[in-house]
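Sequence lines, in order, name chains G and U.
Residue numbering for the first sequence is 10 to 120, as defined by my numbering.
Residue numbering for the second sequence is 41 to 156, as defined by my numbering.
Simulated from the structure, these hints should not be mistaken for laboratory data.
These numbers come from a predicted model, not from an experiment.
A virtual CB, placed ideally from N, CA and C, is assigned to each residue, including glycine.
Careful, some of the hints might be misleading.
[What the hints assert, rightly or not] The calculated lysine-lysine pairs, modelled on DSS-like cross-linking and capped at a C-alpha distance of 30 Å, are: (1) U:K53 / G:K112; (2) G:K77 / U:K53; (3) G:K112 / G:K77; (4) G:K10 / G:K112; (5) G:K51 / G:K10; (6) G:K10 / G:K77.
[To be verified] Listed below are several chain U residues computed to face chain G (Cβ distance under 10 Å; list not exhaustive): (7) V44; (8) Q46; (9) S73; (10) Y75; (11) Q84; (12) G96; (13) F109; (14) N111; (15) S136; (16) Q145; (17) R152.
[To be verified] Pulled a few chain G residues facing chain U out of the computed Cβ check, cut under 8 Å: (18) Q43; (19) R46; (20) S94; (21) L108; (22) G111; (23) L116; (24) R119.
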Amino acid sequence: KQEVTQIPAALSVPEGENLVLNCSFTDSAIYNLQWFRQDPGKGLTSLLLIQSSQREQTSGRLNASLDKSSGRSTLYIAASQPGDSATYLCAVTGANSKLTFGKGITLSVRP
Amino acid sequence: ETGVTQSPTHLIKTRGQQVTLRCSSQSGHNTVSWYQQALGQGPQFIFQYYREEENGRGNFPPRFSGLQFPNYSSELNVNALELDDSALYLCASSPSTTRGGKNEQFFGPGTRLTVL
Numbered sequence: 010k011q012e013v014t015q016i017p018a019a020l021s022v023p024e025g026e027n028l029v030l031n032c033s034f035t036d037s038a039i040y041n042l043q044w045f046r047q048d049p050g051k052g053l054t055s056l057l058l059i060q061s062s063q064r065e066q067t068s069g070r071l072n073a074s075l076d077k078s079s080g081r082s083t084l085y086i087a088a089s090q091p092g093d094s095a096t097y098l099c100a101v102t103g104a105n106s107k108l109t110f111g112k113g114i115t116l117s118v119r120p
Numbered sequence: 041e042t043g044v045t046q047s048p049t050h051l052i053k054t055r056g057q058q059v060t061l062r063c064s065s066q067s068g069h070n071t072v073s074w075y076q077q078a079l080g081q082g083p084q085f086i087f088q089y090y091r092e093e094e095n096g097r098g099n100f101p102p103r104f105s106g107l108q109f110p111n112y113s114s115e116l117n118v119n120a121l122e123l124d125d126s127a128l129y130l131c132a133s134s135p136s137t138t139r140g141g142k143n144e145q146f147f148g149p150g151t152r153l154t155v156l
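In isolation and in its complexed conformation, chain G is listed as follows (with noise of 0.2 Å):
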């Protein structure tokens, strides 16, 4: 059974900093990761999407890469700004074509 595992559950940081979001499965038998935004009570926003045969994307402040064999991902975003406060949602899909997730980070920036 996949599980996917995102650590920590919280992170503030000011402003302006680099920072990292890290996630982890277990089974490396995946098709694609995403990388989604989930903002208080809203839906989800997808920011990146990986393919199992590719190592990172990009796209403007936010870089994905994937590591398939040892089952992380990491989700870079450069120079933080308070608007990018929200939930960091990564999720695999499997041979069943079901996306598993993980529980979130909850991301503050403070100004």
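Once you have looked at the hints, place chain U on chain G.
For chain U alone, coordinates are given in the frame of chain G:
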């Protein structure tokens, strides 16, 4: 291009009642998945529909059922509601040229269900 939409936004029901939630997939997407997100938790997979057929189901009882229509919109039905069914219900659509739906999934805003 219209994104994924869900209705209603909020819903309050009492224990034992039945509820139907609706989802319109993004244009060009033929695969719809439903997820349940309890407070403080990550979303949990309920089931997926591909071209009107169920294509995978998570660990949810049979009182959770669904439909997908020819226009690829979808419904989630929950019978005999329990207090623990209170959650945010999320719908996601994805394009798929083959059965399996392993492409990027795009989520709607969700329906907040409260069971009293």
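Cross-check of the supplied hints:
Taking the CA atoms of K53 of chain U and K112 of chain G, the gap is near 26 Å; set against the 30 Å cutoff, the hint holds. A distance of roughly 43 Å separates the Cα atoms of K77 of chain G and K53 of chain U; the hinted pair therefore is violated under the 30 Å criterion. Among the hinted pairs, K112 of chain G with K77 of chain G is consistent with the structure: their alpha-carbon atoms are about 20 Å apart, no more than 30 Å. Our distance criterion of 30 Å between C-alpha atoms is met by K10 of chain G and K112 of chain G, whose separation comes to about 16 Å.
With a C-alpha separation of about 28 Å, the suggested pair K51 of chain G and K10 of chain G falls inside the 30 Å cut-off, and the hint holds. Restraint check: the Cα-Cα separation between K10 of chain G and K77 of chain G comes to about 16 Å, which is no more than 30 Å; the hinted pair holds. Hint status for V44 of chain U relative to chain G: holds, with the closest Cβ pair at about 8 Å, below 10 Å. For Q46 of chain U, the suggested interface contact is upheld, since its CB lies about 8 Å from the closest CB of chain G, less than 10 Å.
Hint status for S73 of chain U relative to chain G: holds, with the closest Cβ pair at about 7 Å, below 10 Å. Given hint, Y75 of chain U at the interface with chain G, holds; its Cβ is 7 Å from that chain's nearest Cβ, closer than 10 Å. Nearest Cβ of chain G to the Cβ of Q84 of chain U: about 8 Å, under the 10 Å cut. The hint holds. Restraint check, G96 of chain U versus chain G: the minimum CB separation of about 5 Å is within 10 Å; hint holds.
With its C-beta approaching chain G no nearer than about 20 Å, F109 of chain U sits outside the 10 Å limit, and its interface hint is violated. At its closest, the beta carbon of N111 of chain U sits 21 Å from a beta carbon of chain G; the interface hint therefore is violated under the 10 Å criterion. Of the supplied interface hints, the one on S136 of chain U holds, with its beta-carbon coming within about 9 Å of a beta-carbon of chain G, less than 10 Å. The interface hint given for Q145 of chain U holds, since its Cβ lies 6 Å from the closest Cβ of chain G, which is under the 10 Å cut-off.
Evaluation of the R152 of chain U hint against chain G yields a held restraint, the C-beta minimum of about 7 Å falling below 10 Å. Because the beta carbon of Q43 of chain G sits about 7 Å from the nearest beta carbon in chain U, less than 8 Å, this interface hint is met. The beta carbon of R46 of chain G comes no nearer than 11 Å to any beta carbon in chain U, farther than 8 Å, and the hint placing it at the interface is violated. Taking 8 Å as the C-beta contact cut-off toward chain U, the hint placing S94 of chain G at the interface is violated, the least distance being around 17 Å.
Interface hint status for L108 of chain G: upheld, as the beta-carbon distance to the closest one in chain U is roughly 6 Å, under 8 Å. Given hint, G111 of chain G at the interface with chain U, holds; its Cβ is 5 Å from that chain's nearest Cβ, closer than 8 Å. Checking L116 of chain G against chain U by beta carbon gives a least distance of about 15 Å; that is not within 8 Å, so the hint is violated. Nearest Cβ of chain U to the Cβ of R119 of chain G: about 22 Å, over the 8 Å cut. The hint is violated.
Checked against the numbered hints given earlier, the structure breaks hints 2, 13, 14, 19, 20, 23, 24 and satisfies all the rest.
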